[in-house]
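If you're matching them up, the sequences are chains A and B in order.
full-length UniProt numbering applies: residue 1 is where the first sequence begins, and numbers increase by one.
full-length UniProt numbering applies: residue 1 is where the second sequence begins, and numbers increase by one.
Worth flagging that the hints you see were computed from the coordinates, not collected in a lab.
Note that the structure is predicted; figures quoted are calculated from it, not measured.
Take the hints with a grain of salt, since some may be wrong.
Claimed, not checked - Which residues of chain B face chain A? A partial, calculated answer using Cβ under 8 angstroms:
| no. | residue |
| --- | --- |
| 1 | I186 |
| 2 | R187 |
| 3 | M191 |
| 4 | H198 |
| 5 | I199 |
| 6 | K200 |
| 7 | T201 |
| 8 | G202 |
Said to hold, decoys possible - The calculated DSS-like cross-link candidates involving lysine-lysine, where the alpha carbons are at most 25 angstroms apart (straight line), are:
| no. | chain 1 | residue 1 | chain 2 | residue 2 |
| --- | --- | --- | --- | --- |
| 9 | A | K204 | B | K188 |
| 10 | B | K188 | A | K191 |
| 11 | A | K189 | B | K169 |
| 12 | A | K203 | B | K239 |
As the list claims (entries may be wrong) - Examples of chain A residues lying across from chain B (beta carbon under 8 angstroms, computed):
| no. | residue |
| --- | --- |
| 13 | G172 |
| 14 | K203 |
| 15 | Q206 |
| 16 | F207 |
| 17 | M209 |
| 18 | R222 |
| 19 | H223 |
Here a beta-carbon is modelled for each residue, glycine too, at the ideal position from N, C-alpha and C.
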Amino acid sequence: MSSRGGKQKKGNVTSEQEEEEQPLQAVLVADSFNRRFFPISKDQPRALLPLGNVAMIDYTLEFLTSTGVQETFVFCCWMSNKIKDHLLKSKWCRPTSPNVVHIITSDLYRSLGDVLRDVDAKNLVRNDFILVYGDVVSNIDVSQALQEHRHRRKVDKNISVMTMVFKESSPGHKSRCEEDDVIVAMDSKSKRVLHYQKTQGLKKLQFPMNIFQHGSDEFEIRHDLLDCHISICSPQVAELFTDNFDYQTRNDFVRGILVNEEILGNQIHLYVTQDGYGARVSNLQMYDSVSSDMVRRWVYPLTPEANFTDQQGQGCTHSRHNVYRGAEVSLGHGSQMEENVLIGRDTSIGANCHISNSVIGNNCTIGDNVVLDRAHMWNNVHISSNVEIHQSVVCDGAVVKEAVHLNKQCVLAYNVVIGPNLSLPDGTVVSMHHPEEEEEDDDDEFLSDDQEVGHSKDKTRQKAFQLEVLGTLQRGLEENIVCDNLVLEINSLKYAYNITLKEVMQILTRVVLEYPFQQQGTQLTTLQYTGSLLPTWSPVFKNYIKRAQDHLDCLSAVEELFLEQDTHQTAMVKVLMKMYQLEILEEEAILKWFSTGATNDKSRQLRKNQGVSTTLQSLYITARKALCGERDCFPVRRTSVCGTVRPVQTPGLNTEVFLSSSAPEVYPVVERSRG
Amino acid sequence: MELQAVLMAAGGGSRMMDLTYNTRKPLLPVGNKPLIWYPLNLLERVGFEEVIVITTKEVQKMISTDPKMKLDVKMKLDIVCIQEDADMGTADALRHIQQKIKTDILVVSCDLITDAALHEVVDLFRAHNATLSMLMSKAHEFTETVPGQKGKKKTGEQRDFVGVDGTGKRLLFMANEADLDKGLVIRKSIMRKLPRMHIKTGLVDAHLYCLKKSVVDFLADNKSVSSIRGELVPYLVRKQFSKSMTSPNVNDEADQKLKKKDGNANLEIQILSRDEVLLQLTRERSCWNDHRGDMSEAYHGVRLRCYVHIMDEGMCYRVNTLAAYIEANRLAPKLFDEPAVHPSAAISVRCLIGADSIIGASCQISDKASIKRSMIGASTTVREKVKVTNSIIMHGVTIEEGCNIQGSVICSNTVIGRGADIKYCLVGSAQRIEPEAERTNEVIVGTDQLMEI
Chain A
1 MSSRGGKQKK GNVTSEQEEE EQPLQAVLVA DSFNRRFFPI SKDQPRALLP
51 LGNVAMIDYT LEFLTSTGVQ ETFVFCCWMS NKIKDHLLKS KWCRPTSPNV
101 VHIITSDLYR SLGDVLRDVD AKNLVRNDFI LVYGDVVSNI DVSQALQEHR
151 HRRKVDKNIS VMTMVFKESS PGHKSRCEED DVIVAMDSKS KRVLHYQKTQ
201 GLKKLQFPMN IFQHGSDEFE IRHDLLDCHI SICSPQVAEL FTDNFDYQTR
251 NDFVRGILVN EEILGNQIHL YVTQDGYGAR VSNLQMYDSV SSDMVRRWVY
301 PLTPEANFTD QQGQGCTHSR HNVYRGAEVS LGHGSQMEEN VLIGRDTSIG
351 ANCHISNSVI GNNCTIGDNV VLDRAHMWNN VHISSNVEIH QSVVCDGAVV
401 KEAVHLNKQC VLAYNVVIGP NLSLPDGTVV SMHHPEEEEE DDDDEFLSDD
451 QEVGHSKDKT RQKAFQLEVL GTLQRGLEEN IVCDNLVLEI NSLKYAYNIT
501 LKEVMQILTR VVLEYPFQQQ GTQLTTLQYT GSLLPTWSPV FKNYIKRAQD
551 HLDCLSAVEE LFLEQDTHQT AMVKVLMKMY QLEILEEEAI LKWFSTGATN
601 DKSRQLRKNQ GVSTTLQSLY ITARKALCGE RDCFPVRRTS VCGTVRPVQT
651 PGLNTEVFLS SSAPEVYPVV ERSRG
Chain B
1 MELQAVLMAA GGGSRMMDLT YNTRKPLLPV GNKPLIWYPL NLLERVGFEE
51 VIVITTKEVQ KMISTDPKMK LDVKMKLDIV CIQEDADMGT ADALRHIQQK
101 IKTDILVVSC DLITDAALHE VVDLFRAHNA TLSMLMSKAH EFTETVPGQK
151 GKKKTGEQRD FVGVDGTGKR LLFMANEADL DKGLVIRKSI MRKLPRMHIK
201 TGLVDAHLYC LKKSVVDFLA DNKSVSSIRG ELVPYLVRKQ FSKSMTSPNV
251 NDEADQKLKK KDGNANLEIQ ILSRDEVLLQ LTRERSCWND HRGDMSEAYH
301 GVRLRCYVHI MDEGMCYRVN TLAAYIEANR LAPKLFDEPA VHPSAAISVR
351 CLIGADSIIG ASCQISDKAS IKRSMIGAST TVREKVKVTN SIIMHGVTIE
401 EGCNIQGSVI CSNTVIGRGA DIKYCLVGSA QRIEPEAERT NEVIVGTDQL
451 MEI
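Here chain B stands alone, though its shape is the one from the complex (with noise of 0.2 angstroms):
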């Protein structure tokens, strides 16, 4: 086994409360299926037959006793548990199961959809003996109107700039504009040994990581690092041009010494990705390098490099936040080919559904309803003459006669009374509206729900 899978399914959604307070991350709906299963899904693609889940107890509960949440997936899954009250960061939950893991891994979040060839990925993370190699995208635009937010986006959303090599390949400089107060600094004799750089803005993290094992055991032995993208990744980017890491010959005894002098210097040479002696004699003596210009060896010596798939089409989206969550929505159907009505929705022949729709199972769609570019929830009843257009309907949602709804949310369990008019609204889970409502542009939870926040 080269690589291990592992599936961080613990977040809980913070960036879209509204959603996520009744239905965990990892079990939204996108296009009918729990979030889950599109990493899931993304693995089983490419040939894993067993994955790491990480998540909370809730989660594993509701995987494995509700129907409506059953993957079908063929992996084996591991599914560890992590408490959820303990604020266990992406590094934490590595660190948690260091014990199982015997290879380099490949961790993937939750919330990513995408259509991303991962051997691209995989591929740099071997050709170039990498310590870390990630995915990343160009930003998408999101077009749809989010509900519940007034006015425009906001703008003042900070960048994170991103410095690739010529080839744009090599991952070289990370940080987010809020910590570059004073300016861009980079060190010069970075930039003699790698004299093109590209910095990009605009891209999106896909929070998909191929890691050697070493970084794990150092994680181990680094308590304080609890995120792999707020502190990890930064770390292993700027620890490629450190000098100890330059230096050639850190043989074992050097090691030694390091360990008797500080605990600190120990920790970082383990990330080393120390390579073979073969590997080593073959760099000696072959003609290829990775620069040109000075005559010095490949890769400069450097022994810890990181490397980037920028991905230039294709979709990739990562669920978490709401815009996000409507985007994929809107776009999920297309990346598998199931039929969009399922043979167990009861569908009146005098109905409207647009090519573009999703019904789940065993709904319910009266004479004269409406639905265009919407995606209805299993066990869902709509009534007649009933118009649904661009919305998302969870499952278990009741929709009265008459009803209009537009470019809305609506989550599981909620009755919508006759004839109400609703129009790019949130709508929480078991919420009741009332008939004739006319509701624009507003989030309706429950009571408790609003306490929380």
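Chain A on its own, in the form it takes in the complex (with noise of 0.2 angstroms):
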């Protein structure tokens, strides 16, 4: 008996310590689900953008590495070839790499969830594992949170799904993310999560009563955390992300963890470090942090000149005032490197050069009298003499003239040619691709709702879906429907015909415009068409037009309405003036569209008409009065530019190259009509 006894618990000794020895696993998801880095991402996957000439997934391997990882796997979705040959040919597919990287890709992915799924259905995954993204830059040590999770684990069994792991630091610092800014409520003792919460936008939080209902009486509210975006997980999230097919991201999957924590059970726990530094590069507010940073020396032991990609010519030299030299830098009479300077091998910078906190990368070659500030430049670029950076982002083999200035948080994308003598303003974004591009074919967006994906060119379908919604909207007015039931059907259409929201729009438009005709004929006069539009249908119109993209589209259908019906160009006027009112349409799309969109001679025609200007007139001094709104911050504004796009001819370049410009520069037609 006794000797049974001894072999049972020696059994049980063996699998406790199988556990132990299991290898720690990490999954890095090296896509980021959105297009805050377009179209910088259009080019090359976020993963791969150089921060202090590595790329940085290299840095999330190294992080993870360095806290005890044996197993990676990484998925790779958009632009997945790169990523792949990219590792390949780095030192973690080497045989000596004490960390196994297996590459999974798939085209399939779409969120964050679909991996996770993706992880459940190979069942990659035996133990505790690490989630990171593959743009965390981070040198937190992790054991000791993974440590503390294992042991709730086995105190609680299994009721701690996750450790998210978080940095103390307090508002307003510059590595804290402005979007991702997170308010938590923890239990002090047990460190459970009890409410988490984005607190973008918002002015008040509110917490429910009942989490303070767990027996604790000591509870912490904190807004000093950093969410480093690296969460220790049990082999179950994967299993929850499956279950609960509807969590996209990890802020889905902790708020629903939270909120049914009753009925499944299970909890969520955080881990806050004092030292140590850990952020995601979100955005291109993270990336200039997170760079400065970097050279500055806060992510020790991952600094620029050690090299630690152990890659041959990666090498520099440091000196003081963080003063970072790759080989054969040359840097020509009088030019001045001041502090936190990084520049790469075989960069060549002319005379008199004034660089300070910029990073400048391999290959490239700066002309004499050349300012740089706070100035990020990818390899083999080409600035000529004269030029003047100030914290902006020049990529890849982007060649800038004589005498250019780029203001704050401009961005050269890939290969860009710009100048000479030019002076772009702040936020400009100049790229190879039109912006236009963007809902056709990135597959970098799959996360905000309002935007659709996937396309129907077939004319028959969106006929189709135009009979439906005249005819519901008919019904609607005989049956007395309230709107809000209307917008419900039709978005039930929408999703029967599988129509985009642009086009639900346009044909909306179209319908309603033109119900006045089919019900009284072409005939009508002006006045009468007027009078009968629009009864009682403006609160569908609202809902569908919401953001700037959408005002313009609503014109665009207008307008080609009435192109149509020549007979009628007068009463767009009325049309434009009613929706107005209506506060359907803003008088900011109206003047933007007035401005812009003249594509041919008859719509140039219908601008002139004169109506239309002189309404527009009225419009444009109140817009200017109102105009007086803050500008976004640097990664939002992007895409409330997209609409206005004006071709700039660049000398010696074959290709168009699309300039869009922030608002006050839209205006100059309407400026020449008033005098």
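Build the complex from these two chains, which are given one at a time in their own frames, with help from the hints.
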């Protein structure tokens, strides 16, 4: 008996040991599933963008390896081949690597949720694993957090499913991302997360009372936490993602777990570190701050001169004031590298340059009298003389010609040639990709709900949809149905016919504007027409017209219709006025449309119509008064700008370069009409 | 004089009516001393020489006439009487004595028994030039069985939520669970300034407050506030983050303008603790700051600041319920070192008195009596073979032979008949328990008292 008991005991011990000895695994998601870095991310996946002349994914892998991860699954979607090539060449795929990297690619991943569901389907993880994005830069030692996590799971029998790693940092710290600001309510003793909420755009923070009814008498509400986007997950996390197919992001997951805590009995804990560095490069703002932190050695031991990627020729020297120089760097007479400057190999800098707080990539050439401050220049960039660049990103292969002035927060995407003698206003993004392509073939975007994926050029389907909408609206008028219900019906039709939101709006506009003709024939006078227009459907309209782009789409639909119905062109002014008064359209949008959209003779004719211009003139004045809005922050602006594109002729360049600029330049046409 | 002490001793003890029907709360005997002695002693220990005592006529009379209620304190007591039936709150009482108040004040309630280091509270008040600083303590579990209460104590009591900053000193938030039906709402701007907030429940407010003089002046102008704890403190805590308090330069001109505008704003401005010019200059030139992170000035320009000292250990009781009263009696003897048995008590040699018992003046304890963990008041007679355990016997009680009294409270001048067995009862004053009675878990009071309720 006794020997048997002993054996059993031994067996237990070995199984425990096995559990301990199982290699630590990590899931690295090398796709952001959003388009914060558009248009840069169009040419290069975000994980491969250089930060301090090293691809971001290398930082993440180095972080994982240094915390003891022995097996990493890298999930790629957008431009998976590039990531794969990069990894295969890197030190991670050498046979000596302590961290075995498996690369899993699929075009079907559309969110973090899809990745984890795939993890579950393929049964990849056997034990607790670390979940990170491919753009996390960190030197936090998570072994302590891991230990706490395992201990909790042992004691509480698999109740805790996730431990999120946070870094303490006061609000307003520049490595805190505005979009990622969270407020966390936690139990002080057990470190359990009770409430988790993103705070962007909130004024008041509300905590439901039931979170305080767990027997503890001490809680903490913390706003001094920086989300490092590093989470230690139990294997159940993957299963939970499979069970809840609507979870897209980690945010969904955390909120779902917290809300259903009583039903599922799962809990989430957090680990807060005081020292260490952890940040996710989630937008250009963060890129700027993380890059400067890197050069200022906050991420030690991951410093530029450490060459942890172990690539030949990547090494550089570190001298006073955090000036790093790669091999074969030449510096012209009188040039100064003030502080926090990193220069890659084979880069040559001309005379009398002034460089501070900047990162310059490999093989760049910089002319004379150049001023660089907080500039991030990637590889093979050519900068001519007398150029000034402030807080901007210049991507691979870009050419900046003489006397170009880049103001703050500009982005020159891949292979852009710009100049000479040009000054770009704040926040300009220049790219070889037409902004309108965005919606069509950018696979990076799946997250936002209002963005429609998938296209149908099928005219017959649109026609059928149009008839259905007409029928719905007619019935709504006859039976006096509430507009909310109409919206609901149109929405369901939209799905039934697989129609995009943009098309819905255009068709809706068309149907409503054609309605009087259909009812009373085309021999209507203008007055009669406008009188019977838009009876009760304005709420329906408002529901679909929300973003700036929607306004423009609606306007172009109106324009299209009136180009067909040339007899009633005079009515258009009335229509516009009416829509403006009903607050369906904003004056800004109307003005924008007026000044930019003229594509052919006919529409130009339409615009010249006396009524249109006078109406717009009055609108313009009101708009001027109202136009004192603050500017969005760096990364967000790009989307608001996409509607106002005008081609810029650049000498010596065959490809058209599209320059999008910010709002104040939009009104030159109107200005002329006033004068 | 830096602080004037104000002792609030006019409360009726509405949460323990059975006890306070005949003896007013300030005079309830705890460890054979009237309850009011404890806060007075606390103030005397830290060096106060003068106290303003706000109380009722009745209590004043008892203090001055009844030798049993003699307070052996050396401080000068300035007793102010208020009318009992006027239904005055604590803030009303402060308003009543506004003329007497020349400096900042320290308000103490008469039912506080604590060994807290008072200077901690006052130091917070001084160090941060605070408008309010107060004392709190971790709530204690009452272990003793409460007489006349059947079953467990109700747990459905509403908790107080107290929010303090990361250091645990600054008071940021205060609300009762009952008022939070929409959930706990905090403005984001507060969280940005003070990003780490500890929310604590299970704290006892000791009802000890340091208040700026300007607050008393504010009370004088603002007659709608009637209670310190109920209205004034939450108001001050809230006001810390209201806009008018944070604006950096409310100069006199603006003051006057506001005065013209509306009376209300004027009142608010009066309670600003206006930092002296030198003090402000020091703060500007000093590198000291109360927070980290953003580079804004200390306290973010907030000039009304509330602080709280939370006791981690030590005792702190507010004797406002029967359970607290019993607990206080059990622990109070540890607070002072006086002989447990009064020298004037006549105690038979052949009786048994536990070391944790207190015998009052001129008691008579007869042979074979056994007294354990109890307090016997003055002039009480305990006859032969009486067993008293875990009980509180007030003054003038007569316990006849062979009685067994356990876990009970016997109020003054009661006679307990021979051989009675009383367990976990509350016996009101001047009652007469028949011989051989067996009572368990009852509240025995006179019929007149019942009518009252």
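Here is how each hint holds up against the structure:
no., hint, in the structure
1, I186, "5 angstroms, holds"
2, R187, "6 angstroms, holds"
3, M191, "4 angstroms, holds"
4, H198, "5 angstroms, holds"
5, I199, "4 angstroms, holds"
6, K200, "5 angstroms, holds"
7, T201, "5 angstroms, holds"
8, G202, "4 angstroms, holds"
9, K204(A) with K188(B), "5 angstroms, holds"
10, K188(B) with K191(A), "22 angstroms, holds"
11, K189(A) with K169(B), "19 angstroms, holds"
12, K203(A) with K239(B), "18 angstroms, holds"
13, G172, "4 angstroms, holds"
14, K203, "6 angstroms, holds"
15, Q206, "5 angstroms, holds"
16, F207, "4 angstroms, holds"
17, M209, "5 angstroms, holds"
18, R222, "5 angstroms, holds"
19, H223, "4 angstroms, holds"
In summary, the structure agrees with every hint in the numbered list given earlier.
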